[in-house]
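Participant: Read top to bottom, the protein sequences are chains A and B. Numbering of the first sequence is given in the numbering used here, commencing with residue 5 and proceeding in unit increments. Numbering of the second sequence is given in the numbering used here, commencing with residue 5 and proceeding in unit increments.
Be aware that one or more of the hints could be misleading.
Note: identical chains are not told apart, hence a pair may lie in one copy or across any two.
Below, in silico cross-link-like pairs of lysine to aspartate or glutamate (EDC-like), each with a Cα-Cα straight-line distance of 16 Å or less [what the hints assert, rightly or not]:
| hint | residue 1 | residue 2 |
| --- | --- | --- |
| 1 | K46 | D98 |
| 2 | K16 | D135 |
| 3 | K88 | E64 |
| 4 | K76 | E157 |
For the record, the hints were derived by calculation from the structure and aren't laboratory data.
Number of protein chains: 2
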Amino acid sequence: MSVFDEELLDLKGKVLKMGAMVETAIRDSVRSLVERDKELSKAVIGRDHQINSLDVEIDEDSIRLIALRQPKAGDLRFITTAMKITTDLERMGDLAVNIAERALELSEEPLLKPYIDIPRMSQLAQGMTRDALDAFVKRDKRLAMDVIMRDDEVDDLKHEVLKELLFFMVQDPTTASRAMKISFVAQYLERIADHATNISEMVIYLVAGKIIRHMSLTEEQSKRK
Amino acid sequence: MSVFDEELLDLKGKVLKMGAMVETAIRDSVRSLVERDKELSKAVIGRDHQINSLDVEIDEDSIRLIALRQPKAGDLRFITTAMKITTDLERMGDLAVNIAERALELSEEPLLKPYIDIPRMSQLAQGMTRDALDAFVKRDKRLAMDVIMRDDEVDDLKHEVLKELLFFMVQDPTTASRAMKISFVAQYLERIADHATNISEMVIYLVAGKIIRHMSLTEEQSKRK
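Okay, chain A solo, but in the shape it has when bound (with noise of 0.2 Å):
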């Protein structure tokens, strides 16, 4: 294996670890809210900074790989999606904190309702960052469009608690800032499945060339059936 093989191995590897703290860190907002745990929120909080480092990091090993390596197009293709990846990842890391951030404030409040759609987007939101990033690391187009597929259904269950909360609402007024507070979770977890699609997206274009906006995916399938 040449130096550069090695390096971009370390790369590749870089990006894993980023994800994982990403996946981890939308795992534990998620659970302290549904756990009223502070201190797991004040974990989440505490430990982004640890993200941003990584992708600092990322990115510096890049430029340098680049400049030092002059990579040709395919590898050097590989090393620009990484760094645009990262920044991804980071923001991903800035939305689980928000995550956090609500329910350090709603565990001060009763709980105005069992949780049972927000964990399962949580849950999907996990399993597309883990996906898309698997997809990066052995340019797997398929599963990078399997992960797209999946953002229908995050939308549909952000579509849902926002109506339920709504309806909460209408009924009893003084549930409103709670339930703002809730919805406001359940949006940034629409907003982190989004950056997974992004990132999938950013796969497929690596990968096929092409580009694929969730609208042309659908027709894209609709051809095949």
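Starting from the structure of chain A, add chain B where the hints point.
Facilitator: Frame of chain A, contents of chain B only:
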């Protein structure tokens, strides 16, 4: 001027052009909401593919530039930053489409109340977009910091809008659906401003090698007093 310098100038021009298109999309989407102008909303939605095309074009130009000219570190960082910035711009374009979609829906229902804070948020977001890109092409750290400082004003306006809408919903639950849609518009505008802030943070990192996140900036400002 060398061929490379010309190509770099071209790249800057395209980034500014993409920024101008996004600025227009923001302005028109909010105007279509305030003026209940369905045709304008549809025009914003229809033009989005042009923003996406420019994103791809800038990406391809950047890859070609790096592969063919093997730029030294400073120029290399500038080009990879351009690639990240266009990702943010493309997302901002998507958010303008989201605003236009809500505008279409709201034009089907009676006006809830005159729009005051939302047009203000829109002006701020447009200005932040323009200045963030100016700061990038001119490598202007001060201007980038100035954009980041404006983010607080947008956040404050968003909170005002949400508070006001909550009040409406509590007073008269029949307003809930319209109030929610307007709250989404405020949140889209806040996210647009966030993207402009992210671009500015990337400019500061490019120019000064420093990570400035909003919190660090407030500390920096305090030290100077």
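Participant: Does each hint hold? Answer for all of them.
Facilitator: Hints, verified against the model:
1. K46 <-> D98: Close inside one copy (13 Å), not across copies (32 Å); limit 16 Å.
2. K16 <-> D135: Result: close within a single copy only, 14 Å intra versus 35 Å inter.
3. K88 <-> E64: Cα proximity of K88 and E64: in one copy and across copies (13 Å, 14 Å).
4. K76 <-> E157: So K76 and E157 fail the 16 Å test inside a copy (39 Å) and across (45 Å) alike.
Hint compliance for this structure: hint 4 is the single one not met.
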